[in-house]
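Asker: Read off the chains here:
2 protein chains.
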Amino acid sequence: MTNIRHPYLLFLGDAPDQLAAKTSIGVGQWRPEWCVGQVRLPGCKADSGFPDLSVDAAADRGAKTMIVGVVNRGGVFSNAWLAPLVRALERGMDLAAGLHKRLNDVPHLAEAARRHGRKIFDVRHPTEDFPIGTGARRSGKRLLTVGTDCSIGKMYTSLALEIEMKKRGMKADFRATGQTGVLIAGSGVAIDAVVSDFVAGCVETLSPANDADHWDLIEGQGSLFHASYAGVTMGLIHGSQPDALVMCHEPKRPHMRGLPHYKLPDLQHCIDVNVAAARLTNPKAKCVAVSLNTSALSAKAAERAIKSTEDKIGLPTVDPARTGVGRVVDRLARMR
Amino acid sequence: MTNIRHPYLLFLGDAPDQLAAKTSIGVGQWRPEWCVGQVRLPGCKADSGFPDLSVDAAADRGAKTMIVGVVNRGGVFSNAWLAPLVRALERGMDLAAGLHKRLNDVPHLAEAARRHGRKIFDVRHPTEDFPIGTGARRSGKRLLTVGTDCSIGKMYTSLALEIEMKKRGMKADFRATGQTGVLIAGSGVAIDAVVSDFVAGCVETLSPANDADHWDLIEGQGSLFHASYAGVTMGLIHGSQPDALVMCHEPKRPHMRGLPHYKLPDLQHCIDVNVAAARLTNPKAKCVAVSLNTSALSAKAAERAIKSTEDKIGLPTVDPARTGVGRVVDRLARMR
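Which chain is which? The protein sequence lines are A and B, in order. Here the working numbering = 1-based position in the first sequence + 1008. Here the working numbering = 1-based position in the second sequence + 1008.
If we strip away everything but chain A, and leave its shape as in the complex, we get (with noise of 0.2 Å):
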């Protein structure tokens, strides 16, 4: 398994803006205690807010690994990010980038690597082989989140638990499923890019058996209505084998992600049918709350979606961003 070391030291390359540099800003976010700070190129016009450091500054105060969260325009390497990376490999560090192109088939950087024995985590790539997934039970309690679409919230929601639970003192993980989630944890696997029949097995990997009161919090990707990656959330549903299903949604979402002729499914019905697919492996799967992403409705209208969606479904809805996790973490102390 993946397992990345920290301190991180943030590479936001010349990003043009934040947006290019979102995972490395995201890392920030959600770890800022193992973040050194940033490094930052000429041009760049992003900001995580750490310090900006040379890469022997970074090196000095103890950086173990480089974040490399950025895209430039065409997503394809830049090669003023050339010289920065190496000097990182040069000073001890790791890389760890969560791009299409893998830093490990830029010949400069994969011979520095060597050279110096560090190693380049190109986390969207996992190079490792999963079992296939056996259904077994397993002891310790699991919470998947699950959502209408994909990029909706699930794993801000997920993150967003880990904090609220152990800020109670709550033994709770973060189990990173997609390339961010994995830069963010130091570990996990980003599961769309493992090979179909082996998903299941590789989240079965992901969330071992624990404590009877450890909470495993797996992040979810795509959707069972998305018809491009239901397969990858319905091997992730059955491996996560879930006591808790938190449901992610947006209210004002006008389609599919990238299917402009796909509406999204009706909020009731989905999750009807995610507890439906959890219970194969686990039949006391249940859905405990209601994510809502409001962040393009005003203060007012978020209050309105939260407190209607909770009138017509029934569960606890929160918005992690404007009322926190807290509601969701009441519910699930309460599951023994």
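None of these hints come from the bench; they were simulated from the model. Don't take each hint at face value.
Identical copies go unnamed one by one, so any copy, or any two together, can satisfy a pair.
Claimed, not checked - Subject to a maximum C-alpha distance of 27 Å in a straight line, what follows is the list of computed DSS-like cross-link-like pairs (lysine-lysine): (1) 1260 / 1175; (2) 1175 / 1271; (3) 1053 / 1260; (4) 1292 / 1271; (5) 1271 / 1294.
Given chain A, work out where chain B should sit, using these hints.
Answerer: For chain B alone, kept in the frame of chain A given last:
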């Protein structure tokens, strides 16, 4: 896309029994018109029924591909196979294998293939890139075989339908999604070896737009109720956009294959869940028939099982090996 040339020469190697050579034998059963003969090594206890030939004699008869559809004890590559496989390459044949072990990873074979300008198809290990599924509707009709479990007759049913439909002059093509099917069809993709994100897109590619009255008969894999593989099945269902599902089932199977702690689903429930999943990408999807595998039953018990299933489910019920699939094709012929 894999495209394997025929005529075929069936390699049975030193198979200790029929089961060990079942892939080669299956290719011979379903594509007799493509097969010139078989190669058996000393000690071989399997027989495809085709004439025994030397590699050279087969080459003289025009064989273009040697089908390596055999496993020996332990599933490893047998050194005894090396000489005949190299000879086939020397005589201008390609090799096509459905083994876990890649023939391309056997240095002598890879080198001989290169030297003679021949191809080695390791059909369990697709090497192409596939697109993300779009869910966009395409012309032509599609049938997908689904099942209550794995290894329950989906390939057999699909192939039997192809033969019956072609006999009636209908436009129909078997679309292979597993290694044996790919060897039989000479094309297709072992879908369980495709990266999970691309399963639906791969199936869309496998069954492209076609004439309005053309049927793709898509080989199903796994089961939505199999805890290890349901994700593969889900991607296959969505990518297929099936107009028609045929549900495959074995009445006396004691538990899900490989999962002794999982019972088979109720047949009607399994149909309902598969149809609901299929309607995401084809709102008109319906289940048109049940295909029973009654090979474990006496003729009398099989007849009873077929009748009672038909009475209970209310759909034409067949066993392709006993009753043929004519009644299913009758129904397809009425679908416009």
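Asker: Does each hint fit the structure? Answer for all of them.
Answerer: Hint by hint, here is what the structure shows:
1. 1260 / 1175: neither (32 Å within a copy, 53 Å between copies)
2. 1175 / 1271: Close neither inside one copy (38 Å) nor across copies (41 Å); limit 27 Å.
3. 1053 / 1260: neither (30 Å within a copy, 66 Å between copies)
4. 1292 / 1271: Between copies only: 17 Å across chains, 30 Å inside a chain, cut-off 27 Å.
5. 1271 / 1294: both (25 Å within a copy, 21 Å between copies)
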